[in-house]
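Peer 1: The primary structure of each chain is shown beneath.
Protein chains: 2
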Amino acid sequence: MSTLLPDQLLTQMRWRYATKKFDANRRVPDEVWHVLEQSLILTPSSFGLQPWRFAVITNSAIKQKLVPASWGQTQPADCSHHVVFASRQNMPPSDVDRFLDRTVELRGGSRDALTGFRNVVLGSLKKATEEKWVNEWAKWQCYIALGNLMTTAAVLGIDTCPMEGIEPQKYDEILGLSGLGYTTCVACAVGYRASDDKYARLPKVRYDASDVILRF
Amino acid sequence: MSTLLPDQLLTQMRWRYATKKFDANRRVPDEVWHVLEQSLILTPSSFGLQPWRFAVITNSAIKQKLVPASWGQTQPADCSHHVVFASRQNMPPSDVDRFLDRTVELRGGSRDALTGFRNVVLGSLKKATEEKWVNEWAKWQCYIALGNLMTTAAVLGIDTCPMEGIEPQKYDEILGLSGLGYTTCVACAVGYRASDDKYARLPKVRYDASDVILRF
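Keeping their order, the protein sequence lines are chains A and B. Per this note's numbering, the very first residue in the first sequence carries number 48; after that it's consecutive. Per this note's numbering, the very first residue in the second sequence carries number 48; after that it's consecutive.
Note that these hints are calculated values from the structure, not bench results. Some hints here could point you the wrong way.
Since the list can't tell identical chains apart, any single copy or any two copies may satisfy a pair.
[Claimed, not checked] With a straight-line Cα cutoff of 30 angstroms, these simulated DSSO-like cross-link-like pairs (lysine-lysine) come out:
no. : residue 1 : residue 2
1   : LYS173    : LYS68
2   : LYS112    : LYS174
3   : LYS174    : LYS67
4   : LYS245    : LYS179
5   : LYS68     : LYS179
6   : LYS217    : LYS179
7   : LYS67     : LYS173
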């Protein structure tokens with residue numbers, strides 16, 4: 048397999064930054080976007096349940112509409128592909144059965160052989176629902192996908208800007224997510240940095256390893 | 048810069064899977080681990096605040112102790128490096144000042160120039176604290192780091208297993224995290240798959256793009 052050398056990976060991780068100003072004239076080529084999107088779909092999740100929808104916005108009018116719903120930040124309008132991570136609300140047991148159907152479809156075998164696993168997953172879902180953290184659980188999974196997207200983009204030399212400073216309700220309205228049983232949790236603009244984005248040249252601010260890594 | 052070709056990235060994303068059985072005799076070389084760890088430290092976070100500690104466990108006795116705290120799963124013992132993501136509890140305003148001090152240390156300039164930014168961050172922190180989602184917010188950031196670690200490992204050809212099925216309180220006790228103001232939220236075993244891990248050969252179960260991607 049062809050992998051990056053460790054130093055090449057580190058170079059890319061240092062190269063990336065939260066892009067404040069995108070080059071509005073550059074678009075991620077379709078074949079590259081396809082791979083980023085496939086990588087996003089391949090994101091690991093709890094029990095494999097994939098409690099998410101990824102809204103990908105390239106339409107100029109909708110991108111513009113998202114600017115006032117993003118505290119006036121212009122990245123949604125200027126980037127190439129604006130990605131919205133929407134997490135499952137109140138996941139019903141039928142989602143688990145749908146996933147198990149998909150498992151049989153792709154792996155073969157019988158549905159009966161998955162009964163033990165089904166009971167474990169349904170038990171966890173019941174507990175999370177009763178203890179009222181099932182929506183939080185779905186949101187955590189979306190953040191795995193966010194981390195994955197920023198890193199896959201970086202290793203392909205593509206810029207991103209993670210955006211928590213957005214108004215989820217307005218996003219939901221503009222994208223019609225609520226009716227689907229999903230809600231916006233975070234977004235990420237994807238594209239290419241403008242050559243005059245001064246933030247690209249600022250040193251990264253991270254704590255030393257000795258501050259954040261605990262060794263055992 | 049040296050980046051992966053899109054198809055090479057996709058190959059790696061398909062190659063990775065949640066490793067159930069690690070080769071207990073293989074250890075990630077120090078120079079490779081160093082890069083994974085640096086990539087982890089470089090993970091983006093909300094406002095750049097890095098509300099986390101990463102516990103890296105290589106000591107055999109402690110790794111063994113984590114098995115019963117992981118519902119008996121043996122990945123913590125058999126992997127090369129077991130990583131525990133611990134999120135900040137009740138982040139105090141002093142963490143913001145510490146971050147701003149670090150910003151001035153690395154970027155130069157005056158602390159006064161950051162007053163506007165400081166007020167925005169403290170305002171957000173106050174709101175999150177009053178509305179009781181400040182600990183959740185810190186946890187979301189840890190999940191970005193989890194997504195980042197799994198992807199950086201995959202592009203270097205290193206295996207991982209994300210582990211939500213752990214007992215955070217027991218982990219906190221074993222690692223002495225509570226006294227530091229952090230708590231375990233999730234873990235990830237890192238190393239190399241055993242040649243007989245049958246899960247490596249199972250097709251991945253993911254929904255089709257048409258099911259999870261909404262295009263606008």
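Peer 1: Please go over all the hints and tell whether each is borne out by the structure.
Peer 2: Results of checking the hints against the structure:
1. LYS173 to LYS68: This pair counts as between: shortest inter-copy Cα distance 28 angstroms, intra-copy 44 angstroms.
2. LYS112 to LYS174: between (39 angstroms within a copy, 26 angstroms between copies)
3. LYS174 to LYS67: between (41 angstroms within a copy, 24 angstroms between copies)
4. LYS245 to LYS179: Neither. Shortest intra-copy (43 angstroms) and inter-copy (35 angstroms) distances fail the 30 angstroms Cα cut-off.
5. LYS68 to LYS179: neither (39 angstroms within a copy, 33 angstroms between copies)
6. LYS217 to LYS179: Result: close both inside a copy and across copies, 24 angstroms intra and 22 angstroms inter.
7. LYS67 to LYS173: between (41 angstroms within a copy, 25 angstroms between copies)
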